[in-house]
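K.L.:
With chain F's structure known, arrange chain X on it following the hints.
2 protein chains.
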Amino acid sequence: MSDRITVSIDGMGGDNAPSMIVSGIGIAAKSNPDVKFLLFGDERRILPLLERYPMAKAVCETRHTTDFVTNDDKPTAALRGAKNSSMRLAINAVADGEATAVVSAGNTGALMAIATIVLKTLPGISRPAIASSFPTQSGDSVMLDLGANVECDANNLVQFAVMGEVYARNELGLKQPSIGILNVGVEGLKGNDSVKEAANILKNSNLPIEFFGFVEGDDIGKGTVDVIVTDGFTGNIALKTAEGTAKMIAFFLKDALTSSILAKIGALLARPAIERFRAYFDPRRYNGAMLLGLTGICVKSHGGTDEVGFAHAIEVGINLVRRNFNELIKQDLGRIMAEEKGTDTGSEKNKK
Amino acid sequence: MSDRITVSIDGMGGDNAPSMIVSGIGIAAKSNPDVKFLLFGDERRILPLLERYPMAKAVCETRHTTDFVTNDDKPTAALRGAKNSSMRLAINAVADGEATAVVSAGNTGALMAIATIVLKTLPGISRPAIASSFPTQSGDSVMLDLGANVECDANNLVQFAVMGEVYARNELGLKQPSIGILNVGVEGLKGNDSVKEAANILKNSNLPIEFFGFVEGDDIGKGTVDVIVTDGFTGNIALKTAEGTAKMIAFFLKDALTSSILAKIGALLARPAIERFRAYFDPRRYNGAMLLGLTGICVKSHGGTDEVGFAHAIEVGINLVRRNFNELIKQDLGRIMAEEKGTDTGSEKNKK
Numbered sequence: 509m510s511d512r513i514t515v516s517i518d519g520m521g522g523d524n525a526p527s528m529i530v531s532g533i534g535i536a537a538k539s540n541p542d543v544k545f546l547l548f549g550d551e552r553r554i555l556p557l558l559e560r561y562p563m564a565k566a567v568c569e570t571r572h573t574t575d576f577v578t579n580d581d582k583p584t585a586a587l588r589g590a591k592n593s594s595m596r597l598a599i600n601a602v603a604d605g606e607a608t609a610v611v612s613a614g615n616t617g618a619l620m621a622i623a624t625i626v627l628k629t630l631p632g633i634s635r636p637a638i639a640s641s642f643p644t645q646s647g648d649s650v651m652l653d654l655g656a657n658v659e660c661d662a663n664n665l666v667q668f669a670v671m672g673e674v675y676a677r678n679e680l681g682l683k684q685p686s687i688g689i690l691n692v693g694v695e696g697l698k699g700n701d702s703v704k705e706a707a708n709i710l711k712n713s714n715l716p717i718e719f720f721g722f723v724e725g726d727d728i729g730k731g732t733v734d735v736i737v738t739d740g741f742t743g744n745i746a747l748k749t750a751e752g753t754a755k756m757i758a759f760f761l762k763d764a765l766t767s768s769i770l771a772k773i774g775a776l777l778a779r780p781a782i783e784r785f786r787a788y789f790d791p792r793r794y795n796g797a798m799l800l801g802l803t804g805i806c807v808k809s810h811g812g813t814d815e816v817g818f819a820h821a822i823e824v825g826i827n828l829v830r831r832n833f834n835e836l837i838k839q840d841l842g843r844i845m846a847e848e849k850g851t852d853t854g855s856e857k858n859k860k
Numbered sequence: 509m510s511d512r513i514t515v516s517i518d519g520m521g522g523d524n525a526p527s528m529i530v531s532g533i534g535i536a537a538k539s540n541p542d543v544k545f546l547l548f549g550d551e552r553r554i555l556p557l558l559e560r561y562p563m564a565k566a567v568c569e570t571r572h573t574t575d576f577v578t579n580d581d582k583p584t585a586a587l588r589g590a591k592n593s594s595m596r597l598a599i600n601a602v603a604d605g606e607a608t609a610v611v612s613a614g615n616t617g618a619l620m621a622i623a624t625i626v627l628k629t630l631p632g633i634s635r636p637a638i639a640s641s642f643p644t645q646s647g648d649s650v651m652l653d654l655g656a657n658v659e660c661d662a663n664n665l666v667q668f669a670v671m672g673e674v675y676a677r678n679e680l681g682l683k684q685p686s687i688g689i690l691n692v693g694v695e696g697l698k699g700n701d702s703v704k705e706a707a708n709i710l711k712n713s714n715l716p717i718e719f720f721g722f723v724e725g726d727d728i729g730k731g732t733v734d735v736i737v738t739d740g741f742t743g744n745i746a747l748k749t750a751e752g753t754a755k756m757i758a759f760f761l762k763d764a765l766t767s768s769i770l771a772k773i774g775a776l777l778a779r780p781a782i783e784r785f786r787a788y789f790d791p792r793r794y795n796g797a798m799l800l801g802l803t804g805i806c807v808k809s810h811g812g813t814d815e816v817g818f819a820h821a822i823e824v825g826i827n828l829v830r831r832n833f834n835e836l837i838k839q840d841l842g843r844i845m846a847e848e849k850g851t852d853t854g855s856e857k858n859k860k
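As they're listed, the protein sequences go chains F and X. Offset between the first sequence (1-based) and the numbering used here: plus 508. Offset between the second sequence (1-based) and the numbering used here: plus 508.
FYI, nobody ran anything at the bench for these hints, they're computed from the structure. There's no promise every hint is true.
Because identical chains share one entry, a pair is satisfied inside a single copy or across any pair of copies.
[What the hints assert, rightly or not] Here are the simulated lysine-lysine pairs, BS3-like style, with alpha carbons at most 30 Å apart:
id: 1; residue 1: 565; residue 2: 538
id: 2; residue 1: 698; residue 2: 544
id: 3; residue 1: 544; residue 2: 730
id: 4; residue 1: 698; residue 2: 591
id: 5; residue 1: 838; residue 2: 544
id: 6; residue 1: 711; residue 2: 683
id: 7; residue 1: 591; residue 2: 544
id: 8; residue 1: 838; residue 2: 628
id: 9; residue 1: 704; residue 2: 755
id: 10; residue 1: 772; residue 2: 762
id: 11; residue 1: 538; residue 2: 772
id: 12; residue 1: 538; residue 2: 582
id: 13; residue 1: 730; residue 2: 683
id: 14; residue 1: 730; residue 2: 704
Next comes chain F alone, as it looks inside the complex:
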């Protein structure tokens, strides 16, 4: 592997693939001229697009395949069939050391299943989780899992807490990120068994992390903690509920600001401020969720994003490589687990 960063791209994943993918690479290449791309997909469709985006063409090596994973494919089917799908080949490139990160806007379940089998989980991690940052009243926070694991036990949640902490420290640049478990109340007696047991483990461990306790749905927007830990069912619904609420409010706000001549003039005067406000919440700015807990860097882009959003997902992958993220998380997990083993011994002693 050369020193030049190589990102492998699933050229056929996403609603507007491959055109959105190719133009997204062009945008990402502009600010990352030192990065090379391996683009997997149907060359009959990709090569003409590359002619239109010379910026992308200059940094792309294409790999032809006509197989691809659709959004309707079951993860198990995508895993067992189509060994030459663009998604699978792009992930293989990371496992083979040809690339240092993979980005796909395709079927989340399939990406998860293939990446887990091909890239394997890090030592001590039983299941990877999807993690992404999002805007809050007090800066960006991280939430995981956003949909990889529909059901999670207490140990999964504890592992998510540790991985989320490492992610927030390295990606958001926080010194000592605080961690909360999403629940229906902040009192210890509320919630299901998984969250109660996970909270107990985190509270009584000597893990070198700052465990805040339980947080509720409204703490997500408040930014009460830096890392929100939850199962993939709840996390997916919470994230999409927040997105849907933001869209609904934007809809009614637009309606209000065009409801009278005075309102229209007011909106015109306030436009620069409103534009900055909109830009802050632009979902493309947060596109690119990491599959956390694998031995390789794998980034999931929203399937419905555009080229600007896809370029951002590529940037997420590149930044993770530049910061040597997977080495950091391996070291941190090792250190945290060593300290945790110290905890166990300690608590055994305390019991005597």
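P.N.:
Here is chain X on its own, set in the frame of chain F:
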């Protein structure tokens, strides 16, 4: 019981009880001069307040008790202990026929536990659910369960669907409300066992309801369906996430509209429009969730609301009484279950 509607009130529940309660009664009494109130709580604190709110005093009969349920009380403790808590006595009044609805802003878990034991569930319903309406891009929708049942099996969800349908028809005035189950994807293979099995039951039944299928988190704000069915863990988190997101956006919008002189002038010109927009999302306008599935009408107010919000929760209770809601739901449930029995026979026949 006279023809005059009597509402029993837990005078000691909520962050600013009893003062918020007494002034809330005053507000509700203004638009409902024919309604009588039974107010349970510490008369040493309530009677001086009634002197300050003559409107409330004129329609209130106080019942003295010094016991009350706190927010830290476990539901089981609240149920077994404090047989004379203001919450319990207020619920008893409905069971005894002294009142036709009860409203409390106190501990949700305790209210749920006591109301279920004292009022009992309707025939065919194994567990009550908390239901409330909320604003969407396409008018109001209903969601349940919002926190009564942390874990739900498929049968619970099916019962919630039936109860939610009746609620939406009678409370939102919809002729044929559509029903969706909240999930992490719309495809049949996604989600946990409970949602998959519930969807199968609803799809294959002859229930006279319009089952849409699965909906995702962003469908809540879109208003894709009129009734959103989910377990109490997910529902509680989704609702609070939506509230938190709305607050966060309001925070940043205010910030944007005061960020420059031009923005301030613009905001001033657009103020009437912005005020209407804010009023539409005022959470007090949606305060008052029904405990659906009990033999009596029981309304839960948000604990942190003010007198305007509490008055709205009272209005919710009064409207449910005026529309004879519990009689309607009993009839509807009976009819729906009779048709569902028809379904079973039908499907048995089909199998042969």
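K.L.:
Determine for every hint whether it applies to the structure shown.
P.N.:
Structure-based check of all given hints:
With identical chains, the CA atoms of residue 565 and residue 538 are at most 30 Å apart within one copy only, with a shortest distance of 12 Å there and 72 Å across copies. When the C-alpha separation of residue 698 and residue 544 is checked against a cutoff of 30 Å, the pair qualifies neither within a copy, at 50 Å, nor between copies, at 36 Å. In this assembly of identical chains, residue 544 and residue 730 lie within 30 Å of each other by CA distance neither inside one copy nor across copies; the values are 39 Å within and 40 Å between. In the homo-oligomer, the alpha carbons of residue 698 and residue 591 lie at most 30 Å apart only across protomers (23 Å), although the nearest pairing inside one protomer, at 45 Å, exceeds that limit.
In this assembly of identical chains, residue 838 and residue 544 lie within 30 Å of each other by CA distance solely inside one copy; the values are 25 Å within and 67 Å between copies. For the identical chains of this complex, residue 711 and residue 683 are intra-copy neighbours only, at 20 Å inside a copy versus 51 Å across copies, given an alpha-carbon limit of 30 Å. Taking CA atoms no more than 30 Å apart as the test, residue 591 paired with residue 544 passes inside one copy only; the shortest distance there is 24 Å, against 72 Å between copies. Within a single copy, residue 838 and residue 628 get their C-alpha atoms as close as 13 Å, which meets the 30 Å cut-off; across copies the closest is 54 Å, which misses it.
In this assembly of identical chains, residue 704 and residue 755 lie within 30 Å of each other by CA distance solely across copies; the values are 28 Å between and 33 Å within a copy. Taking the shortest Cα distances, residue 772 and residue 762 sit within 30 Å of each other both inside one copy (10 Å) and across copies (18 Å). In the homo-oligomer, the alpha carbons of residue 538 and residue 772 never lie at most 30 Å apart, since the shortest distance is 37 Å inside one protomer and 38 Å across protomers. Proximity of residue 538 and residue 582 under a CA criterion of 30 Å is satisfied in neither setting, with 36 Å inside one chain copy and 59 Å between copies.
In this homomeric assembly, residue 730 and residue 683 come within 30 Å of each other (Cα to Cα) only inside a single copy, at 20 Å, whereas the closest approach across copies is 38 Å. Taking identical chains as interchangeable, the C-alpha atoms of residue 730 and residue 704 lie at most 30 Å apart only when both belong to the same chain, with a minimum of 23 Å there against 33 Å between chains.
In the structure shown, a violation is registered for the earlier hints numbered 2, 3, 11 and 12, in ascending order.
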